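Asks: Here's the letter readout for the chains.
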Amino acid sequence: MQYDMIIAGFGGQGALLIGKMLAYAGMHQGKEVSWLPSYGPEMRGGTANCTVVVSDRPVGSPVIKSPRALLALNLPSLDKFEDSVRADGVILVNTSMVNRDPRRTDVKVVKVAANDIANGLGNPRGANMVALGAFVGATGVVDMKEVESLVRETFSRKPALVEVNLKAVRAGFEAAVGTAPAVAEASQSNANG
Amino acid sequence: MPSQAQAVFRYPEALREVTTHYCPGCTHGVIHRLVAEVLDELGVRQRTVGVAPVGCAVLAYNYFATDMQEASHGRAPAVATGIKRARPDLIVFTYQGDGDLASIGMSEILHCANRGEKVTVVFVNNAIYGMTGGQMAPTTMPGQVTTTSPLGRDVGLAGEPIRMAELISTLHTPGFIARGAVHQPLLAVRTKDLLRRAFRYQVEGRCFSMVEILSTCPTNWGLPPHEACDWLEKHMVPYYPLGVFKTPEGGDRASRPL
Amino acid sequence: MAKKLMKGCEAIGEAAIRAGCKLFFGYPITPQNEIPEYLSHRLPQVGGTFVQAESEVAASNMIYGAAGAGERVFTSSSSPGISLMQEAVSYLAGAELPAVLVNIMRAGPGLGGILPSQADYLQATKGGGHGDYNVIVLAPWSVQEAADLVADAFDLADYYRNPVYILGDGLIGQMMEPVEFREDRKPVREIPPKTWASTGWKGDRPRAVVNSLYLDADTLEKHNRDLQEKYHRIRRDEVRYQGYGLDQDYDVLLVAYGTVARVCLTAMEELRDQGIQVAILRPVTLFPFPYDALANAAAKAKAVLVVELSAGQMLQDVQLAVHGSRPVHFHGRTGGNLVTPEEAASKVREVLDGRSEEVRHA
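Residue numbers (my numbering), protein chains in the order written: chain A, 121 to 313; chain G, -16 to 241; chain W, 558 to 919.
Rather than coming from a laboratory, the hints here were simulated on the basis of the structure. These figures come from a predicted structure and were not determined experimentally. Beta carbons are placed, not taken as given, at the ideal position from N, Cα and C, and that holds for glycine. Heads up, some of the hints might be wrong.
What the hints assert, rightly or not - What follows is a list of derived Cβ distance ranges for each label pair:
hint, chain 1, residue 1, chain 2, residue 2, range
1, W, Gly760, G, Phe(-8), 18 to 26 Å
2, G, Thr131, W, Lys683, 51 to 59 Å
3, W, Gly881, A, Gly150, 43 to 51 Å
4, G, Asn97, W, Glu786, 40 to 48 Å
5, G, Asp213, W, His598, 53 to 61 Å
6, W, Gly881, A, Thr299, 55 to 63 Å
7, A, Arg245, W, His598, 22 to 30 Å
8, G, Glu143, W, Glu786, 24 to 32 Å
9, W, Arg762, G, Phe(-8), 24 to 32 Å
10, W, Asp775, G, Glu210, 37 to 45 Å
11, W, Arg906, A, Asp226, 21 to 29 Å
Bound-form chain A, shown alone (with noise of 0.2 Å):
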C-alpha cells in the first residue's frame, strides 16, 4: 500500500521539515519513501509545501496529483490543495492560521489549533511540531514512537530543547488521534492505489 501526502504552509512554518520527520519515520519503519519539495521563490518567504509518499513497494511517481492526505499550514494552502484531496482521504487544518472550514464533504476534516497549542505549552516555536503529531494522529502514517525518536535525534544537540517539543508532538498528536481512520483501514478501500 502507498500512502501520499502534500503538507503546505508559509515559508518558515515547517512545512518541509515535518515532510522529512515523516519521510525519515517511514523509512526508519522499513518503508519506502520519496520527499519531494516545491522550490524555488516561493521557498523565500512564500507558500512553501512538499509531497511525501511512504510505501510498501518502490514509490513509482514522487509527484502527486491527488493526495490521501492534505496539512494545511495556512489559509493558501487550503486553498490551493483542498481540491485535490483523494475522496476518503484527510485534511488537517490548523485553525490557528485559517479562518474557514474546507467546503469538502467527501474528506474526513480534522482540526487543530497548533500553534494556540504550542502557545498554551510556552513553546511558541513549536507549532510545526504540534502540527506534525497532529498529522500522525489524524492519518496513522507512521508510527508515533518513530517521531518522538526522531525529535531526540533533531535537537540532540540542544538538549533544552528535546523535551519540549515532545510535549509540543504528543499534544498534536492526542489533539488528533482518533478523529481520522487509520491508514490501514484507509488504504483497504484503495489497495491498488
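The hints should help you fit chains G and W onto chain A, whose structure is shown.
Replies: Chains G and W alone, transformed into the frame defined by chain A:
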C-alpha cells in the same frame, strides 16, 4: 666534436630542438628561451606542466620539453587552476598572448590571480592579434592600424589599451606582477630575472605570479624586425612602463597622497 | 552501510567522493546548488578540493586541466550553465579526457525557469558543442540510481577517456529518498593507468601533451576515425535500459526516462486496474540509446507512446528505432510543468480509442 671544444651556447633542456613556426623577427622565440632557461635553472623541468593558449603560441606544446596542455581560447588560467589544484606538487605555467589573456580570457586571468592560484603566467603583449592575421586587440595602441581598425584604433569607440599588469596589481590578493621586454639584450636579461622571480614564488608556494612581456609582431605591424623593436620602444614602452608592480612582500603600488 | 535519506544533489556529491573524486569545480545555479554546497563542506573533510569558479566557462576548463593531470574530477550545473560548458565538453571529447558532468535540467530556452525539464536531451546525446563527438549520457530515475550511476560514470569516463553526463531533471536533484552506498562495489570496467596524463615529464614515457588541435587534415581525420571507433564500441557495449511488463502482452509501449518513467509506472498500474495492458521501456543510457531493444519491444505493441518533459526530443530517437513500423504518439510537458500519472494514463486511453494523433514528423 673534438675534446677541446666546449659548448658555449646550447638549447636549454626545457626547450625541444625543433624548428618553431614563429615569423622571422618575432620575439616569441626569445621569450620561450628565457622561460626554458629559468625552468632549467630552478631544476623544475621534470615536474612542470605548461599550458598553451590559442594565438600565435598555440603550438607552444611542441617547443617546451615538458608535459603540456592545450587550452581553449582565453581559458589557460582556468586550465592551470585545474592542474594545480589536482596536483599541487607540479609547477604550472600558462603562456598567453594579449587577445587570449586580455580579451576573451579577461575573466579567467583576473579570477585566477584573485584566488591567488600558485601558478605562473607568461603574458606576451604584442598589441595585436597575430595568428588570426593582425586584428585589433585590447592592447592595440591608440591610432594603431590593424585589419579591424583600418583607420587606426579609435579610442572613442574602442577605449584605451588595457594595461593588464597595472590592472591585476590592483587586486588585494598577494601576487608578483611585473612587466618586462626583450627587444634589447639588456632588457631580455632583466626580464629573465623577472621570470625567475615569478617561478620561484610558485616553487616556494607563495603566490600567483605574472610577467607581462612586451613583444614585437613585425609581420602584422608591417615593419622590418629592427624597426619593430624601435616602434615598440617608442610607442609601447611609454604607455606600458617596465618594472615590478606588485610583490607579495611589498603590497601594492602606493597611491599618491591627496 | 545503512540507508540514509538524502537529497538527490547531496547523494550525487557523496557518490562522487566515494568514487574517488576529490576535485570539484563549479558555479552556482538553481536547481543544483545543493551539489556544490554539499561538496564545499564535504571535500575538505576527505582531503579534497572545492573551487567555486568565476563562471561555468571557467569551471569546465578547470575540469579539463584537472582531468588532464590524471585526477578524477567533476562538475555540476543546470541547463543554461551546461550550455556555457559546451566549449569545454567539445575540448574534453577532442582531447579524450575523462570527466563527469552533472546536468540537473531546468526548463528553457534561454533563462527559461528553474523547474524540472528534460529539454536538454538533444544537446546531451548528440554532442552539444562543435565537432563530431559523443558524450556518454546516464539518466537516473531515483536518488539511489543517481548515486549508483555517478560511480559508474567515473569508471566509464576513465575507461573510454571520454566525458560522461549524468542527466537528471530537477526532481532528481531536489527529491529526498533513501540511498545506500555500497562498500563492496566493483568498477564496471577495469581501468588502465593514465600514462597519457600531464604529470611532469621525467623521460620514462612519451611526453604528455593534452590537446585537441590537429592542423593537418589527414591527422585530424584519423583522430576523428579513432573517436568514431570508440563511440562505436560504446554503442555496442554500454547500452542500458530497463523494461517493465515487457514479457507480458501489451497494447501500448510507453517510452520514458528519468523520473517521468516513474510517473509512467504509476500510470501503468492505474491502467492495469482498468484492464488496459501497457509496458514501459526506460532507457538508462541515452547515449548509447537502446535502439534495438526499443524496436523489439515496439514490435509487440499496437502503438508507442513517448512521454517527456520536453516538446519531443527523445521522440526523435524513438522514431528512428521504431522506423515507422508502429504509430508513435507523444505526450510532453514543458515550462517546468510535470506529467502526472493521470495525464499519462489518459493519453494511453486516447491512443487506444483513436483520439490521439500519431506524430508524423519530429
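Asks: Output the indices of the hints that this structure fails to meet, ascending.
Replies: Violated hints: 2 and 8; rest satisfied.
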